[in-house]
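Now for the letters of each chain:
Number of protein chains: 2
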Amino acid sequence: MGESVLFEFLHREMVTRVHSQAGDTEHGKCISTLEGMGFRAGQGLIERFTKEAPAFKDELDVMKFICKEFWTNLFRKQIDNLRTNHQGTYVLQDNRFRLLTPVSNGKQYLEEAPKFLAFTCGLVRGALSNLGIDSTVTAEVSVMPACKFHIIMQKP
Amino acid sequence: MGESVLFEFLHREMVTRVHSQAGDTEHGKCISTLEGMGFRAGQGLIERFTKEAPAFKDELDVMKFICKEFWTNLFRKQIDNLRTNHQGTYVLQDNRFRLLTPVSNGKQYLEEAPKFLAFTCGLVRGALSNLGIDSTVTAEVSVMPACKFHIIMQKP
Chain A
1062 MGESVLFEFL HREMVTRVHS QAGDTEHGKC ISTLEGMGFR AGQGLIERFT
1112 KEAPAFKDEL DVMKFICKEF WTNLFRKQID NLRTNHQGTY VLQDNRFRLL
1162 TPVSNGKQYL EEAPKFLAFT CGLVRGALSN LGIDSTVTAE VSVMPACKFH
1212 IIMQKP
Chain B
1062 MGESVLFEFL HREMVTRVHS QAGDTEHGKC ISTLEGMGFR AGQGLIERFT
1112 KEAPAFKDEL DVMKFICKEF WTNLFRKQID NLRTNHQGTY VLQDNRFRLL
1162 TPVSNGKQYL EEAPKFLAFT CGLVRGALSN LGIDSTVTAE VSVMPACKFH
1212 IIMQKP
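Chains as they are written, first to last, in this note's numbering: chain A, 1062 to 1217; chain B, 1062 to 1217.
Next comes chain A alone, as it looks inside the complex (with noise of 0.2 angstroms):
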C-alpha cells in the first residue's frame, strides 16, 4: 500500500505545486501542464507494461488493454464500464477513482476535480500515442469520486 499512497501524496503536491503557479487565472495552463507531464509518463509506461503482451488486433482491443492491465497496474482496479460508438470514441467509466478521493468529499469540490484529473488524461493519450493511435482525452465528473473519460481517436 505503501507505493500508492506516496504516489497519491506526490500527485497532490504537484496538483497543488503547478495550480499555484499558474495562478487563479490560468487554469488552462495548469491543466495542459498536468497533461503534458502525463502524457511523457504514459509513453514510458505502456512501453514497459506491453513488453510481454501479445500484439493487437485492433482499436478496440487496445482500449480494452487499456481498461483492463494498464488501468489495474496503475490504479489496482479495472475500469468500470467501457462504452464506444464504434466510430473512434470511447467512454471509460471508474466509479471510484483513486486520484480524486482526497478531494470527493462534498460537492463544493466539484470544480477542483479537473486538476486531479489532468495528469491522468495525459497517461491515457501518452499510452495510446506509443501505440500508434492521436487521441483527445478529457475527463468528466458528476459524482465524485466517479469518473469518465472521454476518448476521441483522430483519423489519420
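Be careful, since some hints might not be right.
All copies of an identical chain are treated as equivalent in the list; a pair is satisfied when it fits inside any one copy or across any two copies.
[Stated by the list, open to error] Below 30 angstroms or equal to it, Euclidean Cα-Cα: the simulated BS3-like pairs (lysine-lysine) are:
#, residue 1, residue 2
1, Lys1138, Lys1112
2, Lys1090, Lys1176
3, Lys1118, Lys1129
Just so you know, these hints were derived from the structure itself, not from any lab.
Following the hints, position chain B against chain A.
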C-alpha cells in the same frame, strides 16, 4: 509493479519540471522546492504508517522504524545500513536506491544525483517532524545507485 513505476515516472517528471523552472543558476532553489514537497508528503505518510504502530521508546527506535517499515513501504526494500554516533546523528545507507536507478549509468551523472534525492530528504524530515523530531536531512552519493542520507537531529 505498476504503481511503483507510476511513482517513479511522476517523480522524474516533477524533478525535470522543477529543475527547468529554476534555471541553471538556481540549483539550490530547485532542491529546496523538491525537499518541501517531500516534507509535506512525509508528514502525511508517517501519519498513515504509524496508525497501528506501537509507541516509540526513543529516538533510535524511531530511526529503526524509518529504516525498516517506512522504507519498505515506500521503496520495497529496507535501508541496508544504519549508523549512529549516539549523539543525534544518523547515517542511513541504501545500496540501490530506486529513485537513482534512472540516472545511474555512469559517473557523468553524479552531479545530477542531488535533485533526485531532494524529495526523499524531505520525506524523511517530514516523517520525523510529525513524530516530534526536528532534523536536517542531506544526501550524499559516491557510487550510483548507492546513497547515504545524513540525519542530524536538533536538540531542543
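Status of each hint after checking the structure:
With identical chains, the CA atoms of Lys1138 and Lys1112 are at most 30 angstroms apart both within one copy (21 angstroms) and between copies (25 angstroms). In this homomeric assembly, Lys1090 and Lys1176 come within 30 angstroms of each other (Cα to Cα) both inside a single copy, at 10 angstroms, and across copies, at 25 angstroms. Taking the shortest alpha-carbon separations for Lys1118 and Lys1129, only the intra-copy value of 16 angstroms comes in at or below 30 angstroms, while the best inter-copy value is 46 angstroms.
In the structure shown, no violation is registered for any of the earlier numbered hints.
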